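Q: Sequence:
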Amino acid sequence: MFDRVAFVLGETFIALRRNLLLGFAAITTTAISLYLLAGMFYIGSRASGYAGEVQQKFEMRVNLKEGTDMAGIQRTAKYLRLIPGVGEVTWIPRKQRWIQYKKENPDLTQGYGFNDNIFPDAFKVRLSDLSKTDAVVATAKKMTTVDAKEGVSYFGEAQNTVAQWLRFGQNLSYWIGGLLCAVAGIVILNAIRLAVESRRVEIRIMRLVGASRIVVNLPFVLEGMIQGTLGGALATLGIYFSQRIVEQQLAEFSVGASIAPFPIRPYLLALCAIGGGYGALCSLLALRTPMRARKGL
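Take 12 as the starting number for the sequence shown in my numbering and just add one per residue.
Worth flagging that the hints you see were computed from the coordinates, not collected in a lab. Watch out, some of these pointers could steer you wrong.
[Unchecked claim] The list that follows gives simulated cross-link-like pairs (lysine-lysine, DSS-like), each with its CA atoms no further than 27 Å apart:
(1) K160 with K143
(2) K153 with K106
(3) K153 with K114
(4) K76 with K113
(5) K143 with K153
(6) K143 with K113
(7) K89 with K143
(8) K153 with K135
[Unchecked claim] FRET-style restraints, in silico, Cβ to Cβ:
(9) I197 with R137: 26 to 32 Å
(10) A284 with S139: 29 to 35 Å
(11) R137 with G78: 23 to 29 Å
(12) K160 with K135: 43 to 49 Å
(13) S164 with P272: 41 to 47 Å
Since this is a predicted model, take the numbers as computed values, not measurements. By construction, the Cβ of each residue, glycine as well, lies at the ideal position given by its N, Cα and C atoms.
Throw the hints in and build the complete structure from the sequences for me.
A: Shown next, in the form of structure tokens:
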């Protein structure tokens, strides 16, 4: 039993030494692809709160018709909260708006009382999804209690621009990462195929002396698994040092700014497992055609 294990491990490391250049290409390509994919996932998880803050900075004001009673205000609030894309709805009484306006503009409002209030009741609406801004505005304007002309005020173009850029950046990174994953798979697959071709005589001899398919194939599978695992480890280190660089830049330009520590252990385990599994899968795919072709030798 132990001699078979020693043989399989020995053959694995012999194959790694024989294909140093292709192995290096497979490891680095896997590392870059996992770095992009896992990096975007990490940034996305860290930035979800920030993205929520960015979206909440964009709010719209829904002005009600003059003379709307409390029942109409409550009904409007209920309908606004049911609109897809709406995150928070806050009622702003006209009295409160007038007090705030008088406080901010004492010279303009000097001598005016509550009977001179020019503001209607309104709602402050914060969105949970900027991409649905136009739909929210259109739905709000259809409500009977909302002012038809100046019922909704918002920064439509700015909100749409922010939503488009957030979506574009995320999609671009996933596309690039997916493409590099495919490239890494092709490199690992070709490396294993070349190893099989260069050792086909040895493989034939092992079969003639009674070696099982598992003993013959396992070194190649382990080779791909090791390459993928090393790629995952390098990707984790890349994300870790990237965050350290960002932290140093923040320390130089933003006093007091900080980033949560990078969870290196779970990411290392996850990326090594993903990389190793991906390398093993590519190795199995590479072994199918060459092994079938050599059955008749």
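Q: Does each hint hold? Answer for all of them.
A: Each hint tested on the structure:
1. For the given pair, K160 sits about 21 Å from K143 by alpha-carbon distance, which is consistent with the 27 Å threshold.
2. With a CA separation close to 25 Å, the supplied pair K153 and K106 stays within the 27 Å bound.
3. Simply put, K153 and K114 have alpha-carbon atoms about 33 Å apart, too far for the 27 Å limit, and the pair is violated.
4. For the suggested pair K76 and K113, the alpha carbons sit about 22 Å apart, so the restraint of at most 27 Å is met.
5. Taking the CA atoms of K143 and K153, the gap is about 16 Å. The hint holds against a cut of 27 Å.
6. At roughly 34 Å between alpha-carbon atoms, K143 and K113 are farther apart than 27 Å, so this suggested pair is violated.
7. Restraint check: the Cα-Cα separation between K89 and K143 comes to about 18 Å, which is no more than 27 Å; the hinted pair holds.
8. Restraint check: the Cα-Cα separation between K153 and K135 comes to about 17 Å, which is no more than 27 Å; the hinted pair holds.
9. A hinted range of 26 to 32 Å for the beta carbons of I197 and R137 is inconsistent with their spacing of about 47 Å.
10. Judged by the Cβ atoms, the range 29 to 35 Å given for A284 and S139 holds: they are separated by roughly 34 Å.
11. In this structure the supplied range 23 to 29 Å holds for R137 paired with G78, their Cβ-Cβ distance being about 26 Å.
12. At roughly 19 Å, the beta-carbon separation of K160 and K135 lies outside the given 43 to 49 Å, and the hint is violated.
13. Judged by the Cβ atoms, the range 41 to 47 Å given for S164 and P272 holds: they are separated by roughly 42 Å.
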